[in-house]
Amino acid sequence: MNPFSYVRPNSLKAAIDAMARDHSARFIAGGTNLLDLMKNGVTLPEKLIDINQLPLREIRQDGNTLHIGALVLNSNLAAHELVKTQHPLLSEALLAGASQQLRNMATVGGNMMQRTRCSYFYDTSMPCNKRQPNSGCGAIGGINRMHAIFGASDNCIAVHPSDMCVALAALDATVLVAGPKGERRIPFTDFHRLPGNTPQLDNNLAKNELITAVEIPTHPFTKHICYLKVRDRASYAFALVSVAVAMDISDNVIRNIRIAMGGVAHKPWRLPDAEKALTGKAPTSDNFRLAANIAIQGAKTYAHNGFKKDLAFNSIQTALLKAATA
Amino acid sequence: MPQENKPSSVPPKKDKQEARRDFLKQSSAVMALALAPPLVLKAAQHDEAIAAVFEKMPVNLEINGKKMQLSVEPRVTLLDLLREQLALTGTKKGCDHGQCGACTVHVNGQRINSCLTLAVMQEGKKITTIEGLSSGDQLHPVQEAFIRHDGFQCGYCTPGQIMSAVACLHEGHAGSPEQIREFMSGNICRCGAYDNIVNAIMDVKNGGQIA
Chain A
1 MNPFSYVRPN
11 SLKAAIDAMA
21 RDHSARFIAG
31 GTNLLDLMKN
41 GVTLPEKLID
51 INQLPLREIR
61 QDGNTLHIGA
71 LVLNSNLAAH
81 ELVKTQHPLL
91 SEALLAGASQ
101 QLRNMATVGG
111 NMMQRTRCSY
121 FYDTSMPCNK
131 RQPNSGCGAI
141 GGINRMHAIF
151 GASDNCIAVH
161 PSDMCVALAA
171 LDATVLVAGP
181 KGERRIPFTD
191 FHRLPGNTPQ
201 LDNNLAKNEL
211 ITAVEIPTHP
221 FTKHICYLKV
231 RDRASYAFAL
241 VSVAVAMDIS
251 DNVIRNIRIA
261 MGGVAHKPWR
271 LPDAEKALTG
281 KAPTSDNFRL
291 AANIAIQGAK
301 TYAHNGFKKD
311 LAFNSIQTAL
321 LKAATA
Chain B
1 MPQENKPSSV
11 PPKKDKQEAR
21 RDFLKQSSAV
31 MALALAPPLV
41 LKAAQHDEAI
51 AAVFEKMPVN
61 LEINGKKMQL
71 SVEPRVTLLD
81 LLREQLALTG
91 TKKGCDHGQC
101 GACTVHVNGQ
111 RINSCLTLAV
121 MQEGKKITTI
131 EGLSSGDQLH
141 PVQEAFIRHD
151 GFQCGYCTPG
161 QIMSAVACLH
171 EGHAGSPEQI
181 REFMSGNICR
191 CGAYDNIVNA
201 IMDVKNGGQI
211 A
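Chains A and B, in that order, are what the protein sequence lines are. Heads up: the first sequence begins at 1 in UniProt numbering, then just goes up one per residue. Heads up: the second sequence begins at 1 in UniProt numbering, then just goes up one per residue.
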């Protein structure tokens with residue numbers, strides 16, 4: 001790794017001040033993605049601001065909201081009693097990601113901030129608009145088996161790699177961030193961006209802002225949930241396609257439903273039209289097939305990822321069936 | 001070769017600013033010339049971050065039960081500290097990118113990939129490596145089970161597998177062969193000794209040797 005300086009502030013204010021003084025700096029929490037990027041020369045910060053001393057490790061119920069500190073470890077969050085009982089979809093998604101060693105290091109905020117695993121982004125000898133704006137995209141005419149089928153642009157077809165974020169998008173979470181001007185709240189589905197003309201920006205966090213917490217509203221999705229992750233091996237691999245489903249069923253009618261996908265877009269991909277089509281309907285295979293068909297409308301595939309459209313169509317139906325019968 | 005394992009290499013009680021200034025004053029003549037010392041000294045007084053690029057930082061760790069005051073560059077990973085400075089080469093460097101698990105160690109009892117964390121980030125933590133697992137000549141039950149079940153072929157992934165397996169058992173994630181396979185998936189064995197590794201872990205679990 002290139003040399004860098006290292007500071008370990010003890011307060012949120014000191015951390016934000018340190019970033020304000022030096023925009024080439026990066027915050028570091030678990031480091032599981034950032035250090036990997038630094039070893040590859042993809043990211044070369046001159047300063048690391050270690051935020052692990054900040055008091056952001058709490059999980060607590062605040063009225064109708066579960067408050068999760070940004071430094072809560074992925075493993076602790078997945079195993080937390082309130083998460084397992086009230087938000088089992090989140091627990092399942094977390095356990096589908098990475099390995100136990102990495103979950104013991106990775107934080108909630110860091111998981112949200114992880115960069116794409118597109119091999120052209122990682123390979124500094126290749127063009128990549130995300131790593132080096134206006135250098136071109138290696139993936140569009142290259143090997144793009146892992147890449148996006150929704151919401152991509154002519155500049156970037158990378159996907160966001162997180163499983164946790166797919167569940168948080170489905171559960172209508174809110175992101176709390178702090179910056180020099182104070183705190184603000186961002187709806188989770190507005191946190192990550194589509195690539196458009198600025199693929200170098202993964203999300204809407206300003207450079208000198210820090211994620212402090214994620215909040216999940218209380219919801220009825222404690223039983224009929226499913227996080228289905230399809231990948232090249234049984235475990236410890238990024239998703240080709242993943243589907244998060246949470247539904248509330250009574251009297252054989254779907255009263256409320258959320259569906260989101262991972263591995264298919266530059267951000268966690270909510271399926272509002274499919275949700276709308278299933279609300280008030282019976283949880284039947286026919287209805288699920290109809291919804292899956294709606295979900296894949298507008299999919300755009302490239303030379304090697306055509307299979308993802310079929311995989312998404314089938315995976316959505318499987319996840320819906322599993323959730324309905326859970 | 002061990003290079004920086006002398007506890008005396010860092011002044012024990014000096015505050016950071018003071019230690020940093022001392023370092024700069026003691027820097028070699030070549031370094032001093034190259035860096036225009038008055039400027040660097042001035043910078044060090046006003047922005048402690050600048051100095052850290054050039055110097056090692058103190059870090060206190062308890063490694064395999066032994067408290068150590070060490071000195072490392074910020075960019076040194078925990079894995080490189082263990083192997084290169086402390087000669088604890090039982091912990092292996094496989095991929096160095098968190099993909100293989102060969103570097104698995106315990107930090108405060110939790111298993112992590114030591115290649116993806118900086119040594120300075122572990123200030124005050126208790127680190128256990130494969131060298132710290134046995135009690136003298138008495139092997140850890142998981143080590144014995146790996147031998148009994150032939151849970152390896154070339155052996156390169158084995159220290160990581162064993163450290164991961166011990167944690168897997170402690171976490172309560174060794175309830176079935178399926179659960180073991182899922183929770184050991186962060187440790188790759190290219191020889192393919194997986195069946196025997198799972199059997200070794202099941203054996204320890206069923207033998208009740210680890211609660």
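Each hint should be verified, as a subset may be incorrect.
As the list claims (entries may be wrong) - These stretches of chain A come out as covered by chain B in the derived footprint (C-beta under 8 Å, 3 or more residues):
#: 1; stretch: 1 to 11
#: 2; stretch: 31 to 37
#: 3; stretch: 281 to 289
#: 4; stretch: 294 to 305
To be verified - Here are some, though not all, of the chain B residues that point toward chain A, as calculated from beta-carbon distances under 8 Å:
#: 5; residue: Asn60
#: 6; residue: Met68
#: 7; residue: Gln69
#: 8; residue: Asp96
#: 9; residue: Gly109
#: 10; residue: Thr117
#: 11; residue: Gln138
#: 12; residue: Leu139
#: 13; residue: His140
#: 14; residue: Gly186
#: 15; residue: Tyr194
Read the hints as simulated data drawn from the structure, not as lab findings. Just so you know, even glycine gets a beta-carbon here, dropped at the ideal spot from N, CA and C.
We went through each hint and held it up to the structure:
no.	hint	verdict
1	1 to 11	holds (count 8)
2	31 to 37	holds (count 4)
3	281 to 289	violated (count 0)
4	294 to 305	violated (count 0)
5	Asn60	13 Å, violated
6	Met68	19 Å, violated
7	Gln69	17 Å, violated
8	Asp96	7 Å, holds
9	Gly109	10 Å, violated
10	Thr117	5 Å, holds
11	Gln138	26 Å, violated
12	Leu139	23 Å, violated
13	His140	18 Å, violated
14	Gly186	2 Å, holds
15	Tyr194	11 Å, violated
Consistency note: the structure conflicts with the earlier hints numbered 3, 4, 5, 6, 7, 9, 11, 12, 13 and 15.
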